[in-house]
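Participant: Spelled out, the chains give:
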Amino acid sequence: MDLSSDIPRLDAERIIQDLNNRYAECLDDDRIEEWPEHFTQDGIYKIHPRENYVLGLEGYWLYFDSAKMMRDRVLSLREANIYNIHVDRHIITNIRIATSQQGIYTARANYVVLQTNNEGKTIIFSTGEYMDKVVFIDGTAKFKERVVIPDTYLAISLIAVPL
Amino acid sequence: MDLSSDIPRLDAERIIQDLNNRYAECLDDDRIEEWPEHFTQDGIYKIHPRENYVLGLEGYWLYFDSAKMMRDRVLSLREANIYNIHVDRHIITNIRIATSQQGIYTARANYVVLQTNNEGKTIIFSTGEYMDKVVFIDGTAKFKERVVIPDTYLAISLIAVPL
Amino acid sequence: MDLSSDIPRLDAERIIQDLNNRYAECLDDDRIEEWPEHFTQDGIYKIHPRENYVLGLEGYWLYFDSAKMMRDRVLSLREANIYNIHVDRHIITNIRIATSQQGIYTARANYVVLQTNNEGKTIIFSTGEYMDKVVFIDGTAKFKERVVIPDTYLAISLIAVPL
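Sequence lines, in order, name chains A, B and C. The numbers in the first sequence follow the working numbering, run straight up by one, and end at 163. The numbers in the second sequence follow the working numbering, run straight up by one, and end at 163. The numbers in the third sequence follow the working numbering, run straight up by one, and end at 163.
Think of the hints as simulated: they come from the structure by calculation, not from any bench. If you're wondering where the values come from, they're calculated on a predicted model, not measured in any experiment. Fair warning: there could be bad hints in the mix.
[Said to hold, decoys possible] With a Cα cut of at most 25 Å, we get these calculated DSS-like pairs of lysine-lysine: (1) B:LYS121 to B:LYS68; (2) B:LYS46 to C:LYS46; (3) B:LYS121 to B:LYS46; (4) A:LYS121 to C:LYS68; (5) A:LYS46 to B:LYS121; (6) C:LYS144 to A:LYS121; (7) C:LYS133 to C:LYS68; (8) A:LYS46 to A:LYS133; (9) B:LYS121 to A:LYS121; (10) A:LYS46 to A:LYS142; (11) C:LYS144 to C:LYS133; (12) A:LYS121 to A:LYS46; (13) A:LYS144 to A:LYS68; (14) B:LYS121 to C:LYS133; (15) C:LYS144 to C:LYS46; (16) B:LYS142 to B:LYS46; (17) A:LYS68 to A:LYS46; (18) B:LYS144 to B:LYS133.
[Stated by the list, open to error] In silico contact screen, one side only, chain A against chain B (beta carbon under 8 Å); selected entries: (19) ARG50; (20) TYR53; (21) ILE91; (22) THR93; (23) ARG96; (24) ILE156; (25) ILE159.
Where is the CB? At the ideal position from N, CA and C, for every residue including glycine.
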């Protein structure tokens, strides 16, 4: 088997998997203060439901265009939600790089977020796709853009914590 | 930690994960015309429900023994199903190579397909296992055989799109 | 992209993924006699439900502190459960190493176990996290400790087979 041509892409996918793992860990551990750190300062985070995405409509559920906006969001979440009444569990798989140009990796991944309530009952909270632009800042991978495209319909009020 | 003996097998597993990722992407993106391209020309695709598989019975839900048959299937799917009323999401994990002999890799993987209907409701459509024979044609990994062994019982009429 | 500093950690994560894959395969294949072989002789296996874990309470659902205890458990399972009435399917993702010291790798992973009954109906049986200590014995990765921290509440009597 000749791996030589694929290894650089597969190695880059491992780094992006690693970024996803750290991203998921801080959310699942309820250390959401660390969530904005996975983005560049001018990073974009959007939740774009699939029904709007496929029709070319904007209609985002969430839209932040800087790490500062994300930090503000985290602060308000902490004030509004005194008790952590759910546990989230991110399953992130099928990482694949579509293109890499001028230091920007365009990548996709599939996700499932399972949510367990305080009675220990688990549901599929959301499944869908991440569409990302990843860059390296001082040797560390960061999201320049993360667009979450949920397949699952959610009432927006339910999205307390980022997907 | 001495990785030297395991690295070739783990690298081959990455290539097979990559084949799975491309396979899943075309199905989840509803680009099913590309699905047969992941097989050799004489490739086999079977869905063999676990209850039959463990008893040694044939009883396949689907059985194609060439890429041509798969292409015919795709054409008829496109005619019969004008609207894409579901979104599928493949989660493919736990890739492991059992044997490699004469250029044929025998591998297994676990899968879950989550299906979301046009009201945005998500269910576990099918979970189970892939049992594969993978070969390299002109440097590209292809399925010489993919046997899907679902744990989940499905009415055969529900399997519009390949698992 | 400069991978040089991350590659050794990512390679170690691949080895731990591989250990998880073999662990899951023997459980999903109902070859539970092989389950204790993934632990060191003095290995620890605990199921520590999240509600107790976060409060710092002991309250384990299962607690074995040697491979011998695990083998005894397997024998009694085989006597008590003549028929295999469920199929389990482990989805193990998001492997990440927190620390490595003196040959002991501290690692975490997310898991989902899907269970299908003999009518072919699939449910989310348990989701949660593995917190592991992994060592190498004669070149093979083994669990020195595996703590399963389920998010999902389960009646203890339902946990016939290890998670």
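Participant: The structure should be examined with respect to each hint, and the outcome stated for every one.
Facilitator: Outcome of the hint check:
Pair hint B:LYS121 plus B:LYS68 does not hold up; C-alpha atoms about 34 Å apart against a cutoff of 25 Å. Restraint check for B:LYS46 and C:LYS46: not satisfied, since their Cα atoms lie roughly 39 Å apart, outside the 25 Å limit. A distance of roughly 28 Å separates the Cα atoms of B:LYS121 and B:LYS46; the hinted pair therefore is violated under the 25 Å criterion. Proximity of A:LYS121 to C:LYS68 is assessed by CA-CA distance (about 33 Å); at most 25 Å being required, the pair is judged violated.
A C-alpha spacing of about 21 Å is found between A:LYS46 and B:LYS121, which places the hinted pair at or below 25 Å, so the restraint holds. Proximity of C:LYS144 to A:LYS121 is assessed by CA-CA distance (about 30 Å); at most 25 Å being required, the pair is judged violated. For the proposed pair C:LYS133 and C:LYS68, the alpha carbon gap of about 18 Å is at most 25 Å, so the pair holds. Note on A:LYS46 and A:LYS133: the hinted pairing holds, with a Cα-Cα distance of about 12 Å set against a maximum of 25 Å.
Between the alpha carbons of B:LYS121 and A:LYS121 the distance comes to roughly 18 Å, so the proposed pair stays at or under 25 Å and holds. At most 25 Å may separate the alpha-carbon atoms for a hinted pair to count; A:LYS46 and A:LYS142 meet this at roughly 15 Å. Taken as a hint, the C:LYS144 and C:LYS133 pair is honoured in the structure, with Cα atoms around 5 Å apart against an allowance of 25 Å. Only pairs whose Cα atoms come within 25 Å are accepted, and A:LYS121 paired with A:LYS46 is rejected, the gap being roughly 28 Å.
Only pairs whose Cα atoms come within 25 Å are accepted, and A:LYS144 paired with A:LYS68 is accepted, the gap being roughly 14 Å. Distance check on the hinted pair: B:LYS121 and C:LYS133 sit about 39 Å apart at the alpha-carbon level, beyond 25 Å; violated. The straight-line distance between the Cα atoms of C:LYS144 and C:LYS46 is roughly 12 Å, inside the 25 Å bound, and the hint therefore holds. Restraint check for B:LYS142 and B:LYS46: satisfied, since their Cα atoms lie roughly 15 Å apart, inside the 25 Å limit.
Restraint check: the Cα-Cα separation between A:LYS68 and A:LYS46 comes to about 14 Å, which is no more than 25 Å; the hinted pair holds. Distance hint between B:LYS144 and B:LYS133 is fulfilled; the C-alpha atoms sit about 5 Å from each other, no more than 25 Å. A cut of 8 Å between beta carbons decides the hint on A:ARG50: the least distance to chain B is about 6 Å, and the hint holds. Taking 8 Å as the C-beta contact cut-off toward chain B, the hint placing A:TYR53 at the interface is violated, the least distance being around 11 Å.
About 6 Å separates the beta-carbon of A:ILE91 from the nearest beta-carbon of chain B, less than 8 Å, and the hint is met. The closest approach between the C-beta of A:THR93 and any C-beta of chain B is roughly 5 Å, which is under the 8 Å cut-off, so the hint is satisfied. Evaluation of the A:ARG96 hint against chain B yields a held restraint, the C-beta minimum of about 5 Å falling below 8 Å. Below 8 Å, beta-carbon pairs count as interface contacts, and A:ILE156 has none with chain B, the closest being about 12 Å; its hint is therefore violated.
For A:ILE159, the suggested interface contact is broken, since its CB lies about 13 Å from the closest CB of chain B, more than 8 Å.
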